[in-house]
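Based on the hints, put chain B in the right spot on chain A.
The residues making up each chain are set out below.
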Amino acid sequence: MSFLIKKPVTRRAVLRGAMGGTTLGVALPFLDCFLSDSGQALASGAPLPVRFGTWFWSMGHTPNHAIHPDASKLAFLEECMALTPYTQHINYFGQFNSPLDGRPNHVHHTGWVSCRTGTAPIAPGDIPAPTLDVLVSDAIGGSTRFKSIDMTCTGNPRDSFTARNTNSRNAGEVSPVALYTRLFGAGGDANSAAAKADPDLMLQQSVLSGIGAERQRFVRRLGEADRARLDEYFTSIRQLENQLAVQQRGTPAGAACVRPAAPKEGPVGLEIPVAQANHDAMSQLLVMALACNQTRVFNMAFNNALSSLRRPGTAYTHHTLTHEEAVDQKLGYQPEAFWFNCRVMEALAGFIDKFTKVKEGPGTLLDNTLIFAHAETSYAKLHAVDNIPVMMIGRAGGRLKTGHHIVGHGDPISRIGLTAMQVMGLPVEKWGTGSQQTSKTITEILV
Amino acid sequence: MMPVRTRLGLACALLLGAALLTACSRSEPPTKGGPVTVRRLTEAQYRNVIADVFGPQIVVAGRFDPIVRTEGLLAVGASRASITPSGVERFAALARSIAQQVVAPGNRELLIPCRPAAPGAADDACATKFFQQAGRLLYRRAVTADDLAGPVRIARTAALARQDFHAGLAYGLQGMLTSPEFLFIAESAEPDPADKNLLRLDAYSRASRLSFMLWNTTPDAMLLDAAARGELADADGVAAQVDRLMASPRFTQGVRAFFTDMLSLDDFSTLEKDSLIYPAFGLAAAEDSREQVLRTLIDELIAREGDYRDIFTTRRTFMTVPLGMVYRVPATRPGGWAPFEFEEGDPRAGIQTQLSFVALHSHPGKSSPTLRGKAIRELLLCQKVPDPPGNVNFDRFNDPKSPNKTARLRLAAHATDPACAGCHKLMDPIGLALENFDGAGQIRLTENGERIDASGELNGFKFADARGLGQAMREDPAATSCVVRRAYTYAAGRPIEKGERDWMADLEQSFADDGYRLRPLLRRIALSKALQSIAKPKPELSAGGPT
Chain A
1 MSFLIKKPVT RRAVLRGAMG GTTLGVALPF LDCFLSDSGQ ALASGAPLPV RFGTWFWSMG
61 HTPNHAIHPD ASKLAFLEEC MALTPYTQHI NYFGQFNSPL DGRPNHVHHT GWVSCRTGTA
121 PIAPGDIPAP TLDVLVSDAI GGSTRFKSID MTCTGNPRDS FTARNTNSRN AGEVSPVALY
181 TRLFGAGGDA NSAAAKADPD LMLQQSVLSG IGAERQRFVR RLGEADRARL DEYFTSIRQL
241 ENQLAVQQRG TPAGAACVRP AAPKEGPVGL EIPVAQANHD AMSQLLVMAL ACNQTRVFNM
301 AFNNALSSLR RPGTAYTHHT LTHEEAVDQK LGYQPEAFWF NCRVMEALAG FIDKFTKVKE
361 GPGTLLDNTL IFAHAETSYA KLHAVDNIPV MMIGRAGGRL KTGHHIVGHG DPISRIGLTA
421 MQVMGLPVEK WGTGSQQTSK TITEILV
Chain B
1 MMPVRTRLGL ACALLLGAAL LTACSRSEPP TKGGPVTVRR LTEAQYRNVI ADVFGPQIVV
61 AGRFDPIVRT EGLLAVGASR ASITPSGVER FAALARSIAQ QVVAPGNREL LIPCRPAAPG
121 AADDACATKF FQQAGRLLYR RAVTADDLAG PVRIARTAAL ARQDFHAGLA YGLQGMLTSP
181 EFLFIAESAE PDPADKNLLR LDAYSRASRL SFMLWNTTPD AMLLDAAARG ELADADGVAA
241 QVDRLMASPR FTQGVRAFFT DMLSLDDFST LEKDSLIYPA FGLAAAEDSR EQVLRTLIDE
301 LIAREGDYRD IFTTRRTFMT VPLGMVYRVP ATRPGGWAPF EFEEGDPRAG IQTQLSFVAL
361 HSHPGKSSPT LRGKAIRELL LCQKVPDPPG NVNFDRFNDP KSPNKTARLR LAAHATDPAC
421 AGCHKLMDPI GLALENFDGA GQIRLTENGE RIDASGELNG FKFADARGLG QAMREDPAAT
481 SCVVRRAYTY AAGRPIEKGE RDWMADLEQS FADDGYRLRP LLRRIALSKA LQSIAKPKPE
541 LSAGGPT
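Protein chains in written order, with our numbering: chain A, 1 to 447; chain B, 1 to 547.
Be careful, since some hints might not be right.
Cβ-Cβ distance ranges computed for the label pairs, FRET-style [unchecked claim]: (1) A/Q88 / B/R328: 52 to 62 Å; (2) B/E450 / A/V327: 20 to 30 Å; (3) B/P105 / A/P124: 49 to 59 Å; (4) B/D267 / A/A261: 31 to 41 Å.
These aren't lab readings, by the way, just hints derived from the structure by calculation. Keep in mind it's a predicted model, so treat the numbers as computed, not measured. From the three backbone atoms N, C-alpha and C, an ideal C-beta is built for every residue, glycine too.
Just chain A, with the same shape it has in the complex (with noise of 0.2 Å):
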């Protein structure tokens, strides 16, 4: 296991600097009795709860053009110049390295693992632990209609992060108009009185509670390697036995719940404009499914590992100028390759603005989300997998404080994500494996 998880660490431990004098820091669990009295509360009166998302972006930044050296404070350069006006809501980490322990730097795949499992995989395409995503779904993603809600914008579901291990890799939605279908379609309105007294949600939940049923039976013929293997199976079908349920018992929705308008079918691709589109309809259905409460974890990859998005007309993708382009020597970089880093971060930035325009409480949906930002290398032209560029966005329902700008100064990446789960209420201690193993928690943006 490259993560412990042991008993939740109490609030009072932690204010009496408990654990052996150490510099653990660990976030508060999500339990309703921490929440504080600000009149953050869906229309129910029920809390507001804290959201957890990953963005996921493939090669990196443009070295010397996308943040500022100085780390006294966080601003963005020209690269990222989409990104300024939302500085407040960011913490960006920067030197911080993913080391690989005599592992091979298998391209535009080490650096995405470990930064989201904390382990350098062995071999190309492995994937040796929970990415960190399923780890905070397994934790709050029971209560609602979806575990997670994952999207990729390349057209193809296999341009997906997240994963359980190698062989369970959770597939992405490529299309807004399937997306809206799943989220909104039929049973979408999960709060309707009609979806409530609906008998076919209980049928169905008869359905595969007899599947569950079954698996004494089953699994006794299997090996053990399968057994594991089915387990997941099993527990996917206890997680669609809980959305119905949660179906038939009706989610609170927040007050900026709006069921939207359907989307219009149109191109799926990894040209750019066919990318930012379905990026920017799908996220549009997504702050709504959160602002409705149909899930509380998502994943958004804009490309892919291998970023194969182009430019309509022109024969080089994104992946092939970072190695194949020129570096100007007046401008000092890539032009075209970062020509498209630019548009990546502008596909960010749109992202966040999308979750700002949804108000809840006080405040916005982005003031309840940690979404977990990342790429897979920090300088693509080399596949260099230290100093990976990571963002901390929004306020994880005031957990986090933001507009900071962290310097790892060579620490694994692996601290980032146990902050984060530990911001989320996971009762980890300590995550990664090898030289990726720690129990250092980022606490200088904590509140």
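Below, chain B without anything else, positioned relative to chain A:
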């Protein structure tokens, strides 16, 4: 390197002469068996099963979770795949949709073998009869009372709630279609009476292996009957069934599925070409190019019973209007497929020059000798190309001020970096032979005004162009060894075991002895003891006890 003869084969050759070699080589070397597998149904298998059990009129509308390609095949990945929460959600939605279609008026009369006593009430007897019939095909074995109890109970409850027998039946069927018994092909083993050190697949598991290998679908009633009667424990009984399966038109479906997996044709689902750079290569051309290679393979290997090696040199294929626009040849049959043969001397010869290969293994807006070379090595020769190192320096590759106008010159400059040279030596000399085909697979003679040099070398076989590459591949024993290994791995749904080396060598030799014809190869695999042998699990008998 020629295929390795077995020691037994060599002994026979020495002692009895060449005339008896074939007969001797047919005695199968012993193996130590492999594990039982638990395979998740692939999308194609799921669709085939639904069509075969309930009819092609049942629409399977939905997306499936991808399976991770493992050891070169999705068939192996399926043995390691689970189902994620969103995947279960999709399977449940599919099951619901299919079940509702099956019980809908128009279908129910054909598919449900009885009428309920009262259409507005439950009828356990009729429901049981239906689930028994459908369940046997869906679960690929005789259904037990335990299997039936759940669906019948759900059908009863739902019929009462809905006051509709058929609506109730749909819920019960939905459960069967979401059950692990349906979604996973879980094999079971039993003691092998011929070898106390081994297990063997039980009869129903063997029926499934044969059916999915040769038809890519569930065993039909005759195969299940043969399993129930114990005929699959007997060599003659197995041979009768294998010959029946291979004589069926569905055999073509099975062979297509094998090559779809081997050639990674599922990648077509996400293939993109820049419409401004390649206006002729639209969606229709992409879909047709996938179909074209499958038609070519079936024609050469099954209809003509040809030599497998000829797939690298054949000029025969099939053409549609959209393909004709990309190939720039006249297509004579609007709206359909027509046989087509490229002229002698045309650069198009062999499947590696068809769009399904040269367009699939390219970038959206340009060709890629490296991707093509890698695909030939990995897909057609089963040779693993190492991953690129992390510290690649591409500066020399695409310096716009460089005088290197062609990919060959640029790659030559790039490969002067020692970190890159090793792998590029494996890929480039092959991939560059296909540089007369642009990123969409259209013929070109120049790049940036410079004449393209498509010469190269494969394992010492020098060639001048793509046709020569095809000849080199035809003569390369790795190509025939590759298809043998892939075919067996595909059938078994697992990687080749260490204890199967002699068997592989023997299989390769038999393939050669049979003139490299695919049908005898597949038959031999299907009939083999190796395919049904299961290693005893250690330390406990956890891999499926006697059933």
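Hint check, failures only: none
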